[in-house]
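There are 2 protein chains.
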Amino acid sequence: MQAQLIALDWGTTSLRAYLLGPAGHVQNMRSLACGIMQLPTTARHIAGQPCIDGFELAFDAACGDWLDANPSIPVIACGMVGSAQGWREAPYRTTPSSLKALSTALQTVRSVRGVDVHIVPGVIQHSTLPNVMRGEETQVLGVMHSQPNLNDCLIGLPGSHSKWVQVQDGCLVHFDTFMTGELYAAACEHTILGRTQQQSGQFDGAAFERGVQVALSPDGQLGPLSTLFSARTLGLTGQLTPTQQPDYVSGLLIGHEVSALSRVVRQRRGDKPLPAIILIGNAQLCQRYQRALRACGFADVSLAEQATEQGLWHLAKAAGLLHHTQTEG
Amino acid sequence: MQAQLIALDWGTTSLRAYLLGPAGHVQNMRSLACGIMQLPTTARHIAGQPCIDGFELAFDAACGDWLDANPSIPVIACGMVGSAQGWREAPYRTTPSSLKALSTALQTVRSVRGVDVHIVPGVIQHSTLPNVMRGEETQVLGVMHSQPNLNDCLIGLPGSHSKWVQVQDGCLVHFDTFMTGELYAAACEHTILGRTQQQSGQFDGAAFERGVQVALSPDGQLGPLSTLFSARTLGLTGQLTPTQQPDYVSGLLIGHEVSALSRVVRQRRGDKPLPAIILIGNAQLCQRYQRALRACGFADVSLAEQATEQGLWHLAKAAGLLHHTQTEG
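Respectively, the protein sequence lines represent chains A and B. Position one of the first sequence corresponds to residue 834 (this note's numbering), numbered consecutively onward. Position one of the second sequence corresponds to residue 834 (this note's numbering), numbered consecutively onward.
By construction, these hints were calculated from the structure, which means they are not laboratory data. One thing to keep in mind: the hints can contain errors.
Pair by pair, the computed Cβ-Cβ distance ranges are [said to hold, decoys possible]:
1) B:Pro1075 / A:Thr961: 38 to 48 Å
2) A:Gly1003 / B:Val1006: 56 to 66 Å
3) B:Val1006 / A:Glu922: 52 to 62 Å
4) B:Phe1036 / A:Pro883: 50 to 60 Å
5) A:His878 / B:Pro1075: 23 to 33 Å
6) B:Thr875 / A:His959: 57 to 67 Å
7) B:Gln1031 / A:Gln1031: 35 to 45 Å
8) A:Thr961 / B:Phe1036: 49 to 59 Å
9) A:Asp898 / B:Thr1076: 45 to 55 Å
10) A:Ala866 / B:Gln1072: 50 to 60 Å
11) A:Pro883 / B:Gln1072: 40 to 50 Å
Quick look at which bits of chain B chain A covers, simulated, 3 or more residues with Cβ under 8 Å [claimed, not checked]:
12) 935-944
13) 1120-1132
Residues of chain B clear of chain A, computed beta-carbon distances all greater than 10 Å [unchecked claim]:
14) Ser847
15) Gln871
16) Ala1020
Glycine included, every Cβ here is placed at the ideal spot set by N, Cα and C.
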């Protein structure tokens, strides 16, 4: 089958490149450690010319051969590549955001190969405490187009900065951010908690569960600034081994995240039962969230696949980038 | 006046030495960067002998001349010097803890000078989530003996690991810990928040207050894992300058700490009004907590002075270390 689109998920630390065929089917995928904060620096010839631009070098490393083989294939990219520090800034679009609104706001940068790279804008929510995303909007669009009715769903995107997104009538209408992943790393690597921890390489489900239960218990009411200290004191009193502590802390923080979220969701919804949850992201991390969400009373939690590729495919289609192709999905 | 006690407040990063006269009056004070994690390493002669032991070297640097001038003066020390990594471990005493119980559990190490250093034990609370302190118990005792009736007070000790202590009938009965100070440092130095921050050297009261108000607002219900991200987005949208961001984050975290605390205190007390608060610690940090506590509804907040010196004095007295002196306070 002929390739129809090159889709790039270009974040801070990594660059994933997808070669998509008809209906957005993934024909090939590559992952490079070429995020916008760690671009290549070794000069190379691209399209016959010496090149030292990090974005060009990363782009060429990720899909130069695909472009050679498919010279007129369109290219679309989402993520931090569209930030002020990216290849070309694609200014935030405000909520509510639809596929149509985002697809008409793509920013284009012409590479030295003469290929246009179409960059998806991020989304900003101008609430009292503003909220921003870059990349997640594309994943949410991917889920919206692979699942029929999302009006009563909450879409969760666990990660360094977890996002929780509400969609309504085909629009991304509201979202919240939690810095749980990044604060977990900072707490384990740069506070006293790290001193007694030991990484085991194996997930300790019981330690994780214990952390979740503490977050949801009356003791958890003091919040994560307080309960975190228990990782130390349960260690001091021999109740948590050094290898159990990292997963306990992970359970604590994820437990506090989903517990605060569920409290606010319950308030927003009044008498309505809790919504179904669709998770997007790293499978192992999503499984942790799934456990914590169920402990918190969310009965219907599922995992979405290929959200990024699907989102980029549908954005490219809506933007009219796929008009040369024969078959579309 | 003759000196009657050498009192050491010996923590992880610093060592404070006090020369106390009658009634615990401070005659001299020194602060050295010789905490138990950064002891001196340069060998020196002490009492005519070559010495390389870091504890001995720090002890001699802090008060060798005082000991030369007062050969039979007693010495007492509190803080991490009594931990497993300290000079001599003084095992935790369990709550409830009184002056008497702690004063009869001092551990003694004989220095190369032949001087006994009496080390105050820390306190452990064997609750579901255990809690520990080392040094703060001495400060609490200092306040208990300088203020007549503390039965309806909450004693706060802001710091890297803030403690909130309840005393009853002369006993330290319950305490909670918040890692606010250490998590503040980790968030500012080791997460994305630090990238847009700039230190100004001047306290920005309005930015701090804004952070406190966010923590106490409905937006604050999502908890610190979520509200922290607003330091970034308020910066992105031009609502917080780089120099305002550190004090905003400080207000946010301290606001979340006192708001969680007040929620739990209100629950514990039922209909009773909020207790008076006595703060012990660094004056500038205590002023931040004072502002946040008042915003949270605590009307009576005062600052205690010389809690450590007073606590060490009363412990030494209760332990019978001052029996050679003429006048006691």
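Cross-check of the supplied hints:
no. : hint                              : result
1   : B:Pro1075 / A:Thr961: 38 to 48 Å  : violated (21 Å)
2   : A:Gly1003 / B:Val1006: 56 to 66 Å : holds (58 Å)
3   : B:Val1006 / A:Glu922: 52 to 62 Å  : holds (58 Å)
4   : B:Phe1036 / A:Pro883: 50 to 60 Å  : holds (52 Å)
5   : A:His878 / B:Pro1075: 23 to 33 Å  : violated (40 Å)
6   : B:Thr875 / A:His959: 57 to 67 Å   : holds (59 Å)
7   : B:Gln1031 / A:Gln1031: 35 to 45 Å : holds (37 Å)
8   : A:Thr961 / B:Phe1036: 49 to 59 Å  : violated (24 Å)
9   : A:Asp898 / B:Thr1076: 45 to 55 Å  : holds (48 Å)
10  : A:Ala866 / B:Gln1072: 50 to 60 Å  : violated (34 Å)
11  : A:Pro883 / B:Gln1072: 40 to 50 Å  : holds (44 Å)
12  : 935-944                           : violated (count 0)
13  : 1120-1132                         : violated (count 0)
14  : Ser847                            : holds (16 Å)
15  : Gln871                            : holds (15 Å)
16  : Ala1020                           : violated (6 Å)
Of the numbered hints listed earlier, those contradicted by the structure are 1, 5, 8, 10, 12, 13 and 16.
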